[in-house]
Amino acid sequence: ADIKLGVAEALTGPAAKYGVAIKNGFTLASEEINAKGGVNGDKLALVIEDEQGKKEEAINVFKKLIFQDKVLAVFGPTLSNSAFAADPIANAAKVVVFGTSNTADGITAMGPFTFRNSVMEADVLPVTVKAAVKHFGIKKVAVIYGNDDAFTKSGYDVFKATLEHQKIPVTTTEAYAKGDVDFKAQLTKIKAGNPDAIVCSCLAEEAANIILQTRALGMKQPFIGGNGLNSPKLFEIAKDAGDNTLMGSPWSAENQTPANKAFITAYKAKFGADPDQFAAQAYDAMYIVADALKNVKLSGNLAKDRDALRAALPAVKIDGATGKFAFRAAPAVAGKQVGFDADQEAIVNIAKGGKFVLLK
Amino acid sequence: MEWWDGFWATYNTVIFSIGVNAMLALSIYVTLSCGLLSLANAAFMGIGAYTASLLTMQFEMPFPIALAAGGVLPALVALVIGIPTLRLSGVYLAMATLGFGEVVRVIVLNLDITGGPMGLNGVPPITEWWHIVLLLGVTIYVLARLRRSKIGRAFEAIKEDEIAARLMGVNVAGYKLLAFVIGAAIAGVAGGLNAHFTFTIGPNNYGFENAVDILTMAVFGGTSNLIGPMIGSTILSLLPEVLRHFKDFRLAINGLILILVVLYLPKGIWDPRRIRAFLGRNAEKKVK
Amino acid sequence: MSASGNKQPILQVEDLAVAYGHIEAVKGISLSLNEGEITALVGANGAGKSTSLLAISGLVKAQRGRVLLHGQDLLQMSPHRIVESGVVQVAEGRATLTTLTVEENLGLGAYTRKDKDGVARDLEWVYSLFPVLKNRAAGLAGNLSGGEQQMLAIGRALMAKPKVLLLDEPSMGLAPLIIQEIFRIVQEINKTGMTVLLVEQNVRQALRIAQRGYVLETGKIVLEDSGANLLGNPKVVEAYLGG
Amino acid sequence: MLLQLNDISKNFGGLQVLQGVNFNVRQGEIFGLIGPNGAGKTTVFNLITGLLRASSGSIRFNDDDIGAVAPHKITERGIARTFQNIRVFKEMTLLENVVVGMHDHLNYGVASMLLNLGGFRNAEKEARERALELLSWVRLDHKAHMLADSLSYGEQRKLEFARALATKPKLLLLDEPVAGMNPAEKTELMSEIVNIKQRGFTIFMIEHDMRFVMGLCERIAVLNFGKIIAEGTPDQIKNNQEVIEAYLGKEEA
Amino acid sequence: MLEQQLINALSLGSVYALFALGFTLVFGVLGVINLSHGAIFMLGSYAALLLVEQMALPLWVALLLAMVATGLLGLIIDVLVLKPLRKRNAPHLIPMIATIGVAIMITNISQGLFGAENKRFPQGTIPEESVSLGNLHITAVQVAIIVIAFVLMVVLLGVMRKTQLGRALRAIAESPKAAYLLGINVEGLFLLTSFAAAALGGAAGVLVGVSFNAISPFMGQPMLHKGIAVIILGGMGDIRGAMIGGLFLGFAEVLTVAYISSDFRDAVAFGLLFLILLVKPSGMFGKVLERKA
Ligand SMILES: Nc1ncnc2c1ncn2[C@@H]1O[C@H](COP(=O)(O)OP(=O)(O)OP(=O)(O)O)[C@@H](O)[C@H]1O
Ligand SMILES: Nc1ncnc2c1ncn2[C@@H]1O[C@H](COP(=O)(O)OP(=O)(O)OP(=O)(O)O)[C@@H](O)[C@H]1O
Ligand SMILES: [Mg+2]
Ligand SMILES: [Mg+2]
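Protein chains in written order, with my numbering: chain A, 423 to 782; chain B, 2 to 289; chain C, 531 to 773; chain D, 4 to 256; chain E, 52 to 344.
Isolated chain A (complex conformation) (with noise of 0.2 Å):
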């Protein structure tokens, strides 16, 4: 028989640029599962519903492909404002729940059935940091972050407390909200202050018209970033305008492994595009579950079969586009147990020519 299972991304609305990648990360990755003769015999079967990004739909969407269609697990959603409101529905349904794209603090807390590959900023930024600090010799900098954006506003907290951390001083530090296209008034600010570099807690297409509004001013600053400059969007948008910086991500289109340069090739044959960071963690994903459905003997008792994919999960290790990946088991709240956070490393990378490369 068939597996299903179930993906609940933003396919339209402002969150569709990351939740298409997704989807096309899952598709690929699961016609390549299925052309190889699906897991012990069984293909993967995918059923893809559009949570638009916001709360309710993925509420819904959560409860037809849990209830109705009855899903082995379930993929997503996008933005982690939509997994704090759809993950417990799966966690109550005892179904997993795997996020790839949710960095948020707190998403793995919601429950033993929650599972993401998606790399917390916190375990990203410090290094990445380190690593500028050390190629450009950067002494203070300046900080730009959206304020009204849980991901971006997470990334903030995790660099705010790392320069403190690394005592850096902050010349500056500026928000912008979602929608935003004119940022000079803050790049104004942080060009008074002076600083060696910009901080910014962005994603990739705010961060491409913040560099190019910087370099508009007349200011040659490197910017330093994480997972969300991690897009080839960046360049299409800055060009070589975003040369000098430094981004670090779990997965670089510069990772020269044979499951990244494997994964990237068939991406682009079939979508006709670049993958990015997003396509790769939800190709992934896919791997990871299905490594963890070679172990399970499916019963048809939808119940048990959910339960056993959960107890296999935690054991995959796979080495694919993103690297060497293991799960980790999320910080016990109140005792009890709960879900997994991806124990992968970072990779630093630094934009040259129009494109990432790994900073040496």
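Please keep in mind that the hints were generated in silico from the structure rather than gathered at the bench.
Predicted model only: the values in this text are computed from it and were never measured.
Ideal placement from N, C-alpha and C gives every residue a C-beta, glycine not left out.
One or more hints might be untrue.
Computed list of lysine-lysine pairs in DSS-like fashion (alpha-carbon distance at most 25 Å, straight line) [claimed, not checked]: (1) B:K268 with D:K146; (2) A:K777 with A:K661; (3) E:K213 with C:K646; (4) A:K458 with A:K692; (5) B:K268 with E:K138.
Pulled a few chain D residues facing chain B out of the computed Cβ check, cut under 8 Å [said to hold, decoys possible]: (6) V72; (7) A83; (8) K128.
Got chain A sorted already, so can you dock chains B, C, D and E with the ligands onto it with the hints?
Below, chains B, C, D and E with the ligands without anything else, positioned relative to chain A:
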């Protein structure tokens, strides 16, 4: 009853949303019936949601108390901002109230107790179907009684002609404030209910789009009486579910339906005058 | 004075009917306006006078009938074409453009005209008819008193240099002196060759200056005669002149 | 004296609309205010009903200064009016229009209203009955359940009249009550007003129809360019040369 | 730094003003809050982008063609949606709701056609270097936006104040019935207005697309919020008000960032809006005209 269990498990959130949205649509109906185009109801819903959630999460208050507080606080805020704001009329009032909503959003975004942009996560799922039915019922009952009383007539008179209403002895400022406060209280309770079945609330759940959504539900259904807003909220809550298999172009279809309904039923779906005229015509036909 | 037989009808209303929803307000009326004459249309409140005028101007849709001006059916034209072809109305309630100045209101009266000199001359003429308007020319029309707005409305219609002027209760709300003035002006305008259809509650004065008169009752024409004859008609005296 | 205007002035920006206006309206009389268009008559009504504040001077009603009282409180004290530019509630039925006028007289508590108790029901029922009665006074009772929107101009005036009476005023201000009515209807309304006066109402009207004003009013004041130029009985006014020149014209005199 | 911030404010304010001009025009004449103006603005960006990318047209040609294209879109929306509503005498909120439907449709379809990601004009479409005067930096596009916004405003204002067409439009704005009685081709002018306003919206879209490199199906929404604030601030339907309101909002935002905190930029901007409305209940230039009786 197995299909029912499956159906309920799948769609109970949708059904809950219909109830809560009906309350929200009614909350804006109250102000509209008094001629006030107030778009603050999303913000009031947010205040109610945060209040109720903080009480259940941090202080482990019983749900009824939390909900009551979720209604009272927005009402108090409405009382305070209503006094200066309600001098405005038409779109200017709409804008000022949107501006107020924006200020509330930014404050919530920058406070610690509200969790900033992350919002409050892990709101306990306490809302039961009968909570919603009960509170929606109470709302409908009270509003229906108001409509048939001098208060309802005063609202309507104000909507039609403030000056004339004033000279009929209607304390226009007072009644406007009353409508505004009632609307805020209903929206706040709806927010409290909503927060306790969606697990999480954030500052962006109560912004401009939501304010406009609430207005759309009411106007779409028709604002000449209580039934319209409820029909509007039901249809617009169900539409995304029903259109699910249109996939990527679902929203386009959604928009198209909105346009078509509005084009052919410009007074909203529930327009008693049209319905009466329609029934009248049919009756005539039968007689002939 | 009696209706002279050799006058040509300029505007002919044939079997005009108008309904609001399924209330029929005008039930198939026929009128004929002779060129250069004043025709009065009188009737009680709600008889359908204003509705008839609005239908002639194309502002409410007629159910059936024709309104012929030089053989052309106005009911087939859009409202602005009707004005262009010379049928202009001063509507009930004045339709003052309150956010424009008095002079701008008058200027818009001449919207359909191209002859700049003629417009300038007519503006002076209107100012001479209503000196108040000249004093308030640059002020917002919304700040005029009720009577002043009525004068503005008539002045504005005159600016269009109409062939046929439809007046809907021009004397409403005006001081006696001004009413006399308005009736005098209506006659004066009429002397310049303009055809006038006058709807009035001031039945006595209206019939006094009108060559022809029609009496409208609940959407139907019930009487039609010369103005003088109607003034003497006992039915009219009883119903409209207050005995 | 029911109503006293003492030395009232009013200007709008630079425009001096009223200058030192003095007159009184006595209990139980029909008082008329006439004058050319734009003389400031409606402005006087706006001052009395609290819609405008006088620039200087005082207005007393029943010996209380009402110059700074809010419009709805003035209605409560017993002044009602009709409007020159009709202001009926168009989307409400005639009956509802009139019942709105009874706002101050419907005294039931919130509990009674919410629970639909007897007190509420009776009050509402009485209000409806009285409203029908008022509508029948102006012969509109057969249209009681139609929307005011569908009335003709003249009918709307009558509706306003009924609505104003519903507030149970001690003083009724009528701003051009017969504008847009034909002579027969005017005659009808005239007897209506006499009727109402006999029921103990005091009436203060603005009107341009001289037959109507002269036939009804016991005393008349004439306003011209913001000043009272004459005050007296109809006969006195009719023969006042200044009034003839400014307002009446030779024909009416 | 202050000088630079003032330049930032001027150019941001001009963007807002440019967007608001068309927005306020539609309201002024048709009495409709056209919530699809943001979507039209967005399509203006894409139209020009396609023309430049696919047909390699120079930017100014693309700008003009994009204006025509969005103008036509405005016409279509008017004919298919607004005009039938006018015919049916719909209550005043209804057209606004209908335009929400239009905006949802356009946005969703655009996403289907163009994808959800941000796009930018190809490099070299415009001179990207900024002019530096000592420590001050201003780009060619910024200058263009400021100039175009002012020119369009002056032209529009001239038309509205000084021409018979403008008077006719104002007449329609106040009372279509009165306008009909004056022989004004009301329907024709409604269509003209819808065309012109949409073309203006499209022009704003092109310029914003060029200067901020963030063309996306969703770019209209935040602009719409600002646009609403601007036209209310200036007084609904008032051309001068849209311009000054736009500049005011631009300055308020930039100066808040510069001297208070970027965290509170929107709160300050909207808070100010709130306060201004309390003092001037119909915006800075809105007309308060009510005869009491
Ligand atoms: N918009 C409308 N909707 C429905 N009915 C209307 C409408 N306008 C007028 N009527 C009705 O049509 C009939 C004729 O009205 P109309 O205004 O033509 O009368 P009129 O003769 O001008 O009266 P008046 O002398 O009072 O102005 C009246 O019964 C009125 O109630
Ligand atoms: N709100 C206002 N702003 C400016 N001017 C005003 C205002 N209200 C009235 N006026 C002016 O004050 C004068 C008196 O107006 P008012 O309405 O009192 O006249 P009226 O005597 O009632 O005239 P009518 O008999 O024509 O109704 C008029 O010239 C009018 O233009
Ligand atoms: Mg009439
Ligand atoms: Mg007056």
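Structure-based check of all given hints:
1. As the CA atoms of K268 (chain B) and K146 (chain D) are separated by approximately 24 Å, the hinted pair is consistent with the 25 Å bound.
2. A C-alpha spacing of about 9 Å is found between K777 (chain A) and K661 (chain A), which places the hinted pair at or below 25 Å, so the restraint holds.
3. In summary, the hint linking K213 (chain E) to K646 (chain C) is supported, as the alpha carbons are separated by about 15 Å, within the 25 Å threshold.
4. Between K458 (chain A) and K692 (chain A) the alpha-carbon distance is near 17 Å, which keeps this suggested pair within the 25 Å criterion.
5. Restraint check for K268 (chain B) and K138 (chain E): the C-alpha separation of about 13 Å stays at or below 25 Å, so the hint holds.
6. For V72 (chain D), the shortest C-beta to C-beta distance to chain B is roughly 12 Å, which exceeds 8 Å, and the interface hint is violated.
7. At its closest, the beta carbon of A83 (chain D) sits 7 Å from a beta carbon of chain B; the interface hint therefore holds under the 8 Å criterion.
8. Because the closest C-beta pair between K128 (chain D) and chain B is about 12 Å apart, greater than 8 Å, the hint is violated.
The structure shown violates the earlier hints numbered 6, 8.
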